[in-house]
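Using the hints, position chain B with the ligand against chain A.
Just so you know, the sequences run in chain order A and B. Quick note on my numbering: the first sequence kicks off at 79 and runs consecutively. Quick note on my numbering: the second sequence kicks off at 7 and runs consecutively.
No lab work stands behind these hints, which were simulated from the structure alone. Glycine is no exception: its CB is placed at the ideal position from the N, C-alpha and C atoms. Some clues are possibly wrong.
[Said to hold, decoys possible] Just a sample of chain B residues kept apart from chain A, beta carbon distances all over 12 Å, derived: (1) L33; (2) M55; (3) Y94; (4) V95; (5) P115; (6) D157; (7) K206; (8) R217; (9) A273; (10) S361; (11) G389.
[What the hints assert, rightly or not] To be clear about the criterion: a stretch of chain A counts as covered by chain B if any three or more of its residues have a C-beta under 8 Å from a C-beta of chain B, and this derived list gives those stretches: (12) 101-113; (13) 281-287; (14) 291-298; (15) 314-327.
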Amino acid sequence: MRFQLNDDQRALRGGVRELLAGRFGRDRMRACVADPSVDRRLWRELGAAGVFGLRLEEMGLAEAALVFEEAGRALLPGPLVATHLSAGVVDGAAEGEAVVAGCDGALVDHLPDADAVLWLDESGAFVVDPAELVTVELRSVDPMTPLNRVTVRPAEGRALPGAARLRREAVLLTAAQQCGIAGRTLESAVEYAGVRRQFGRAIGAFQAVKHLCADMLVRVEMARTAVHAAAVTGDPVETAAAKLLADEAAVRNSRDCLQIFAGTGFTWEADVHLHMKRAWLLSTRFAREGEIQDALASSLPAPGIW
Amino acid sequence: MDLAYTEEEEAFRAELRAWLTATVPTLAPRPDPADWPGRRAYDSTWQRMLYDAGYAGLHWPAEAGGRGATPTQHLIFLEETERAKAPYVGAHFVGLLHAGPTIAAEGTPQQRRRWLPPILRGDEVWCQGFSEPEAGSDLAALRTRAVRDGDSYVVTGSKIWTSHAEVADWCELLVRTDPEAPRHQGITWLAMPMNADGIKVRPLRTLAGSREFAEVFLDEVRVPVANRVGEENDGWRVTMVTLSFERGTAFAGEVIACQRTLREVAAMARRNGSWDDQTLRRRVGRLAAEFSVLWRLIQWNVSAAQDGTGVPGVGGSVFKLRYSQARQELYDTAAAVLGVEALDTSREWTVDRLSSLSYTIAAGTSQIQKNIVAERILGLPKGP
Ligand SMILES: Cc1cc2nc3c(=O)[nH]c(=O)nc-3n(C[C@H](O)[C@H](O)[C@H](O)COP(=O)(O)OP(=O)(O)OC[C@H]3O[C@@H](n4cnc5c(N)ncnc54)[C@H](O)[C@@H]3O)c2cc1C
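Same shape as in the complex, but just chain A:
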């Protein structure tokens, strides 16, 4: 057993972080807030870097999870999970030539830009023509993610094999993004707590602030461990547990981060609301709190089985 990142995985994580810092810096991120349509050039750059096709090239789910954690950390927009899962199934997805939006049966993201929709729910996995979907447009709370609510189920599209696996991976990669959000908001909070001064000292010297930060770290460590473990085992129960903990970490950490930034945090200019809104959105995607808890409860084996 060696449950730690290996050298290749560490290098991959560092490489992706550097790539995103270069291609998707704060200015570009802020430009997406003003105009959330998918940036096709960026999409192709992500494709060329292997974000969508990496698992066609001998990399595993654990590596994909690391990449998606970085994507979450950088607030990278676009239907990342659906396009990634469509690599090798929808033409152009692996290369970032096609934008494949994801639909969990209730919501579809980035529909206006979608070349195809990957439909993933209990009934199976289908590739659907975006024109076939009957939807209502929402005024999305996440300014970088256009959302449409599906009102009529489409007549079945092209059914894909391995629906259960696809759904599990959608859950896991979404959880990985949430880890990124949880980690990023922790970093911002700690950094700000070290520089913002009140009552003659850094606010991070106040225990009330310190303990918020400590709680945030504990959530990050638990969520990240859960995601790594589920990525290694591929186990559906562990995957569900990872989503539960990662959603909680992302939502609560972004809230605590906002609390530490206080007035500044409540502004449109600060980034923390963007993390929080993305966390809210992702926490509803593919598996949500209540249904996960129900599933985990009913999966508990009878006592005495080991």
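Chain B with the ligand in isolation, oriented as in the chain A frame:
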């Protein structure tokens, strides 16, 4: 990243499992929790069986009398003994998890020869005399005085919350040897024989009704200078070298036991109708996630230890914060399933619920753990 165990690790597990399968059923029934001499005898018998089979001090280095096993093998040991429902370290907790490792790391060769073999064989029980009435979280405020007189220290003061003091042969004692020095620099670590003159042990009753710990009054107790581990006034460092042992894998077996209890709680809920309550079901589902991830966190920390990376004490603080809370929630949930039966202290879960309350207090309260995480991991400014 790999969660699969190597062939060698699996071979170790198989050998251990075979031994446990043959051995555990031969054990006498567990003594009544109130029967301290009986508990000591039971725990010592088990420790002796481990010793004879070559499993005592498994992960201790060979020069300390251990087997030099890897952190992963040690984890397998903890996992398998729990799954076999073998006894826990019990009265040997301090000897095996703190005093012993401290002596192994900081003691002279003679000190190791004197104290380590009896710990490993289960012959001698240790207790930990750190906390005092005025020195709890702020351990460095301790005031128990030790004055050098020839080749002895003369020790006067009092300790409190000393677990197993009633049955201990030795006490790892922190004393103040230089009251003038800055607080952390005037402390010394001594091994005090519990049968020395001038020691009075007054058992304290816990909220669970049990006698787990005691007050220890010291009135001019003579402790040989030869019993000092480390230099005079260097006791704070000597202690901190191993304090992290308390927070590493110490709870690995318990996490597995909690998973078993959770399954039993769910089974009872299914039988008695409380499973129809969605809120309760969801609490159970939440806890299932919690304990399975806590186990993964242990594996993560153990792998870091095996690689020699990471700071053991630090991963331990994160773990302890979350585990202590999860354990309390587990028994609160068990109580919800038991209904009015939860008010009956003849119920095992009721007693466990009461003792779970100590988990956010003992070995560093949760508030202190948060200070540690914030200051040492996150680098926030130090508090008072
Ligand atoms: C079951 C059990 C077994 C034990 N066994 C042993 C043993 O064998 N040997 C031994 O030496 N000790 C033992 N202890 C003692 C234990 O280590 C102390 O209880 C613990 O360190 C807390 O000290 P205290 O009880 O004096 O609380 P205090 O330190 O007085 O704390 C009181 C409250 O104030 C908070 N607080 C204190 N300082 C701070 C701060 N800086 N920031 C924020 N909050 C703070 C605490 O979190 C707590 O809520 C045991 C305790 C228990 C419950």
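Cross-check of the supplied hints:
1. L33: Holds: least Cβ distance 19 Å, greater than 12 Å.
2. M55: 22 Å, holds
3. Y94: B:Y94 is indeed farther than 12 Å from all Cβ atoms of chain A, at 18 Å.
4. V95: Non-interface label on B:V95 holds, nearest chain A Cβ at 22 Å vs cutoff 12 Å.
5. P115: For B:P115, whose nearest Cβ neighbour in chain A is about 34 Å away, the distance exceeds 12 Å, so it holds.
6. D157: 46 Å, holds
7. K206: 38 Å, holds
8. R217: 31 Å, holds
9. A273: 5 Å, violated
10. S361: Holds, because the least Cβ-Cβ distance between B:S361 and chain A comes to about 21 Å, which exceeds 12 Å.
11. G389: For B:G389, whose nearest Cβ neighbour in chain A is about 6 Å away, the distance does not exceed 12 Å, so it is violated.
12. 101-113: violated (count 0)
13. 281-287: Contact hint for the stretch 281-287 of chain A vs chain B: holds, 4 residues under 8 Å.
14. 291-298: holds (count 5)
15. 314-327: holds (count 7)
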